[in-house]
Amino acid sequence: GYGEGAAGIGAKADRDINISPGSPIIMGSLDKEIIRRVIKQHLAQIRYCYEKELVRAPGLFGKVGTQFTIAANGMVQSASVTETTLKNSEVERCITAKIRTWKFPKPKGGGIVIVKYPFIFKTSG
57 GYGEGAAGIG AKADRDINIS PGSPIIMGSL DKEIIRRVIK QHLAQIRYCY EKELVRAPGL
117 FGKVGTQFTI AANGMVQSAS VTETTLKNSE VERCITAKIR TWKFPKPKGG GIVIVKYPFI
177 FKTSG
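Per this note's numbering: the sequence shown = residues 57 to 181.
Keep in mind that the hints were calculated from the coordinates and are not lab data. Keep in mind that this is a model prediction, so the values were computed, not measured. Please note that the accuracy of each hint is not assured.
What follows is a list of derived Cβ distance ranges for each label pair [as the list claims (entries may be wrong)]:
{"no.": "1", "residue 1": "Ala100", "residue 2": "Ser79", "range": "17 to 23 Å"}
{"no.": "2", "residue 1": "Arg149", "residue 2": "Ala127", "range": "18 to 24 Å"}
{"no.": "3", "residue 1": "Val111", "residue 2": "Asp87", "range": "35 to 41 Å"}
{"no.": "4", "residue 1": "Thr157", "residue 2": "Lys88", "range": "18 to 24 Å"}
{"no.": "5", "residue 1": "Arg156", "residue 2": "Ile90", "range": "15 to 21 Å"}
{"no.": "6", "residue 1": "Thr141", "residue 2": "Lys164", "range": "21 to 27 Å"}
{"no.": "7", "residue 1": "Val111", "residue 2": "Ser134", "range": "26 to 32 Å"}
{"no.": "8", "residue 1": "Gly167", "residue 2": "Ala113", "range": "19 to 25 Å"}
{"no.": "9", "residue 1": "Gly118", "residue 2": "Gly165", "range": "34 to 40 Å"}
Straight-line Cα separation of at most 20 Å, EDC-like style, residue types lysine to aspartate or glutamate; simulated pairs [unchecked claim]:
{"no.": "10", "residue 1": "Lys143", "residue 2": "Glu107"}
{"no.": "11", "residue 1": "Lys119", "residue 2": "Glu139"}
{"no.": "12", "residue 1": "Lys172", "residue 2": "Glu109"}
{"no.": "13", "residue 1": "Lys162", "residue 2": "Glu146"}
{"no.": "14", "residue 1": "Lys119", "residue 2": "Asp87"}
{"no.": "15", "residue 1": "Lys178", "residue 2": "Glu107"}
{"no.": "16", "residue 1": "Lys88", "residue 2": "Glu146"}
{"no.": "17", "residue 1": "Lys96", "residue 2": "Glu107"}
{"no.": "18", "residue 1": "Lys164", "residue 2": "Asp87"}
Where is the CB? At the ideal position from N, CA and C, for every residue including glycine.
Please model the complete structure; the sequences and the hints are all you need to start from.
Here's what the structure looks like:
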């Protein structure tokens, strides 16, 4: 049935919400593990984007592919949604707005880093 298999992964909330971060695709000189760690530190923000729409649309689930650019100073200079099966513009707008506030370590040797990162949203129960 539904809701089995992925339960218990990640932090517990009132409802079992799984945000499965995919694997980052990185163009530029910043370590993948560093990028993954910064994204993990901000997962609560991404969860918030999803949870506030989940109240209005209880069956909401899907994948949101994002792409963002980290500037030479470590700040995110742009973020966009590259693909979505979630198809919820409120969640997508919220995600890109949150990503734009994130700060990463400065890329080695300057330059920018482009990151493609998928978030998978689903509830169980």
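Going through the hints against the structure:
1. In this structure, alanine 100 and serine 79 meet the distance hint of 17 to 23 Å, their C-beta atoms being roughly 21 Å apart.
2. Judged by the Cβ atoms, the range 18 to 24 Å given for arginine 149 and alanine 127 holds: they are separated by roughly 21 Å.
3. Restraint check, valine 111 to aspartate 87: a C-beta distance of roughly 37 Å satisfies the suggested window 35 to 41 Å.
4. Range check, threonine 157 to lysine 88: about 21 Å between beta-carbon atoms, so the 18 to 24 Å window is met.
5. Between arginine 156 and isoleucine 90 the beta carbons are some 19 Å apart, a value that agrees with the proposed interval 15 to 21 Å.
6. Between threonine 141 and lysine 164 the C-beta distance comes to about 34 Å, which lies outside the given range of 21 to 27 Å.
7. The hinted window of 26 to 32 Å between valine 111 and serine 134 holds, with their beta carbons roughly 29 Å apart.
8. Separated by about 40 Å at the C-beta atoms, glycine 167 and alanine 113 break the suggested range of 19 to 25 Å.
9. Separated by about 37 Å at the C-beta atoms, glycine 118 and glycine 165 satisfy the suggested range of 34 to 40 Å.
10. With a C-alpha separation of about 15 Å, the suggested pair lysine 143 and glutamate 107 falls inside the 20 Å cut-off, and the hint holds.
11. With a C-alpha separation of about 8 Å, the suggested pairing of lysine 119 with glutamate 139 holds against the 20 Å cut-off.
12. Note on lysine 172 and glutamate 109: the hinted pairing is violated, with a Cα-Cα distance of about 23 Å set against a maximum of 20 Å.
13. Restraint check for lysine 162 and glutamate 146: not satisfied, since their Cα atoms lie roughly 30 Å apart, outside the 20 Å limit.
14. With a C-alpha separation of about 24 Å, the suggested pairing of lysine 119 with aspartate 87 is violated against the 20 Å cut-off.
15. The suggested pairing of lysine 178 with glutamate 107 holds, with an alpha-carbon distance near 10 Å, which does not exceed 20 Å.
16. Of the pairs offered as hints, the one joining lysine 88 and glutamate 146 is violated, with about 28 Å between alpha carbons and a cut-off of 20 Å exceeded.
17. A distance of roughly 17 Å separates the Cα atoms of lysine 96 and glutamate 107; the hinted pair therefore holds under the 20 Å criterion.
18. With a C-alpha separation of about 9 Å, the suggested pair lysine 164 and aspartate 87 falls inside the 20 Å cut-off, and the hint holds.
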